[in-house]
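Please take these sequences and the hints and turn them into a complete structure.
Take a look at the letters that make up each chain.
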Amino acid sequence: MEAFTTHTGRAVPLRRSNVDTDQIIPAHWLKKVTRDGFEDGLFEAWRKDPEFVLNKAERQGATVLVAGPDFGTGSSREHAVWALQNYGFKAVISSRFADIFRGNSLKNGLLTVVLDQKVVDALQELVENDPQAEITVDLEAREVRAEGITAAFELDENARWRLLNGLDDISITLQNEDDIASYESKRPAYKPQTVQI
Amino acid sequence: MGRTLAEKVWDDHVVRRAEGEPDLLFIDLHLLHEVTSPQAFDGLRQTGRQVRRLDLTIATEDHNTPTLDIDKPIADPVSRAQLETLRKNCADFGVRLHSLGDVEQGVVHVVGPQLGLTQPGTTVVCGDSHTSTHGAFGALAFGIGTSQVEHVLATQTLPLARPKTMAITIDGELPEGVTAKDLILAIIAKIGTGGGQGYILEYRGSAIEKLSMEARMTICNMSIEAGARAGMIAPDETTFAYLEGRAHAPKGEDWDAAVAYWKTLKSDDDAEFDAEVVIDAAALSPFVTWGTNPGQGAPLSANVPDPASYEDASERLAAEKALEYMGLTAGQPLRDVKVDTVFVGSCTNGRIEDLRAVAAIVEGRKVADGVRMLVVPGSARVGLQAVSEGLDKVFKEAGAEWRHAGCSMCLGMNPDQLAPGERSASTSNRNFEGRQGKGGRTHLVSPQVAAATAVLGHLASPADLSDTDARTPAGV
Numbered sequence: 001m002e003a004f005t006t007h008t009g010r011a012v013p014l015r016r017s018n019v020d021t022d023q024i025i026p027a028h029w030l031k032k033v034t035r036d037g038f039e040d041g042l043f044e045a046w047r048k049d050p051e052f053v054l055n056k057a058e059r060q061g062a063t064v065l066v067a068g069p070d071f072g073t074g075s076s077r078e079h080a081v082w083a084l085q086n087y088g089f090k091a092v093i094s095s096r097f098a099d100i101f102r103g104n105s106l107k108n109g110l111l112t113v114v115l116d117q118k119v120v121d122a123l124q125e126l127v128e129n130d131p132q133a134e135i136t137v138d139l140e141a142r143e144v145r146a147e148g149i150t151a152a153f154e155l156d157e158n159a160r161w162r163l164l165n166g167l168d169d170i171s172i173t174l175q176n177e178d179d180i181a182s183y184e185s186k187r188p189a190y191k192p193q194t195v196q197i
Numbered sequence: 001m002g003r004t005l006a007e008k009v010w011d012d013h014v015v016r017r018a019e020g021e022p023d024l025l026f027i028d029l030h031l032l033h034e035v036t037s038p039q040a041f042d043g044l045r046q047t048g049r050q051v052r053r054l055d056l057t058i059a060t061e062d063h064n065t066p067t068l069d070i071d072k073p074i075a076d077p078v079s080r081a082q083l084e085t086l087r088k089n090c091a092d093f094g095v096r097l098h099s100l101g102d103v104e105q106g107v108v109h110v111v112g113p114q115l116g117l118t119q120p121g122t123t124v125v126c127g128d129s130h131t132s133t134h135g136a137f138g139a140l141a142f143g144i145g146t147s148q149v150e151h152v153l154a155t156q157t158l159p160l161a162r163p164k165t166m167a168i169t170i171d172g173e174l175p176e177g178v179t180a181k182d183l184i185l186a187i188i189a190k191i192g193t194g195g196g197q198g199y200i201l202e203y204r205g206s207a208i209e210k211l212s213m214e215a216r217m218t219i220c221n222m223s224i225e226a227g228a229r230a231g232m233i234a235p236d237e238t239t240f241a242y243l244e245g246r247a248h249a250p251k252g253e254d255w256d257a258a259v260a261y262w263k264t265l266k267s268d269d270d271a272e273f274d275a276e277v278v279i280d281a282a283a284l285s286p287f288v289t290w291g292t293n294p295g296q297g298a299p300l301s302a303n304v305p306d307p308a309s310y311e312d313a314s315e316r317l318a319a320e321k322a323l324e325y326m327g328l329t330a331g332q333p334l335r336d337v338k339v340d341t342v343f344v345g346s347c348t349n350g351r352i353e354d355l356r357a358v359a360a361i362v363e364g365r366k367v368a369d370g371v372r373m374l375v376v377p378g379s380a381r382v383g384l385q386a387v388s389e390g391l392d393k394v395f396k397e398a399g400a401e402w403r404h405a406g407c408s409m410c411l412g413m414n415p416d417q418l419a420p421g422e423r424s425a426s427t428s429n430r431n432f433e434g435r436q437g438k439g440g441r442t443h444l445v446s447p448q449v450a451a452a453t454a455v456l457g458h459l460a461s462p463a464d465l466s467d468t469d470a471r472t473p474a475g476v
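Those protein sequence lines, which keep their order, are chains A and B. Under the UniProt record's numbering, the first residue of the first sequence carries the number 1, and numbering increases by one thereafter. Under the UniProt record's numbering, the first residue of the second sequence carries the number 1, and numbering increases by one thereafter.
Honestly, the hints are just simulated from the structure, not real lab data. Fair warning: this is a prediction, and the values are worked out from it, not measured in the lab. The beta-carbon is built from N, C-alpha and C at its ideal position, and this holds for glycine as well. Treat each hint with caution, since some may be false.
[Said to hold, decoys possible] Partial list, computed: chain B residues near chain A (C-beta under 8 Å):
1) E21
2) Q46
3) Q156
4) G194
5) G434
[Unchecked claim] The list that follows gives simulated cross-link-like pairs (lysine to any residue, SDA-like), each with its CA atoms no further than 20 Å apart:
6) A:K191 to B:V95
7) A:K186 to B:P305
8) A:K48 to B:E324
9) A:K186 to B:R52
10) A:K32 to B:L44
11) B:K210 to B:P175
12) B:K88 to A:Q196
13) A:K191 to B:E324
14) B:K438 to A:Q196
15) A:K191 to B:G245
16) B:K164 to A:V114
17) A:K191 to B:L44
18) B:K164 to A:A159
19) B:K88 to A:A159
20) A:K186 to B:D23
21) B:K438 to B:V78
[To be verified] Using C-beta positions, here's what the derived DEER-type ranges look like:
22) B:R162 to A:H7: 28 to 38 Å
23) B:D336 to A:F52: 24 to 34 Å
24) A:D130 to B:G101: 54 to 64 Å
Written as structure tokens, this is what we have:
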């Protein structure tokens, strides 16, 4: 995973609530067997509308998505995170994320930042009025900054440490091999096994 | 202080607990399918890792599989390539796989329980959000992303922060004609698509205790639609009776030991939940969705809501957008909404009891002119059972299409899709924009409402059917 420390970039305001993962990346894209090449599928249905915010000339090259509440609801498809990253997004800001989407994002180095809806509204207003306005997402300081706005955000220390260092979860877990083996040795015999009967 | 069911199962799976770290949980059962696993197997190859516990891992093909002509090569080359990738990955790493055509093939969340692999007090994961289905057995079951699939393949564990717990207590009797699907749709409409976020839900109360295992699976299946990590129901005699004798259920002394353990799996009387919601079963009626998220639902007897009636600006905007997409008008009676397609199937409502309920309603009746009805069993075994009971004949005589098992039109990754502008009544779990096909419009319904809707051509419940809709079956 790529490390995330701090990022500054222009933003895309997405004034919709309940943006589900079927909107972020429609199911027919899920047939791909790689982690890349999903950028054209991002918000595919909405992008057919020339007025959709992502299609606006002034939003090209933006790297921060400022979304409505309940972003990433629905399916567990990690492809939603890959699509956002493949397109160029480094961070997503919302007042509430769906759990699985959030977990997936943090495992891939896409920083999902939870802020109060009032702050999200203020950020959306700022970047709607001034498309050139930049937003800084600072994981070291746990702070989002933009013109006239400074807001602290929460992220649990362990997730932050892994992001800051770009650490691979599996390697960390495998350092606890003894604990896993010990648990396995005590597992009751009646527990299910998939071995064909 | 006592513990909740979720806390008990969680605690029993902690491999490692340390200050400032998420708990490392052991995973008892890992279910795989073709869509969310290829990149995980690639990760194992790149790092030279193996599958740690092949004996706790099983794969099936479901999302992409066609429901017609399953003996022929899969027409869509991209779907075919994804299925071939799963077959190669399972062969290379030694994972048990049930491919298209195999008697155990089917939707992953139907297959696990019917094999008896889903058991009380286990942890179950799958790269699919509807893994919450398995919580009906008192398992802690949740959907994971592909990075976590790789993590479980490599380590049989997952680092996880413990969610909060929410009790959803449903007391009383469900009225005649009101099903588990109506109940869960009503719960989601009440607490919202984000209402369960950060929680494990526990459904309890006398209305839940009376439900069959299959109905409980329908409830837990849609926990994710309320934003919850998982949904659980305490195991009881209904659970044990369902499991006893299944292929992978414990046998002999193991069975006795397992049941003794399973009986401890209920929330203690003095356990404290972080939140509680109470629902009166008797006040419920058939429920359908009108919008583009599963929380946008209402009783079938209601009208399409007026967006102006929402105080919250974001909800109002969402309702406006939903009505525009759905082609509905505020104030329009939901019963007047005409459909083009009826889909019966999915991990939500594709089990044998669902098919029996639909058959009982369409038997001797005809699907309305201009309506296409698809009946897709949740697994090959459900399909065989339906055939042995003659249900396939009932569906075909009514004018419905009887298909092979798979996810099918729930998400339209195979050829079973809505055309742009087409409207469905669907027993599946998501009414998102374009979910069942680009531009398709979905109303989530129970199997009973789906069946009545198919006969009348507009959203309807079995109570709306008159005897004149029925024709005496030939030879009866």
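Checking against the hints above, which ones are violated? 2, 7, 13, 14, 17 and 19
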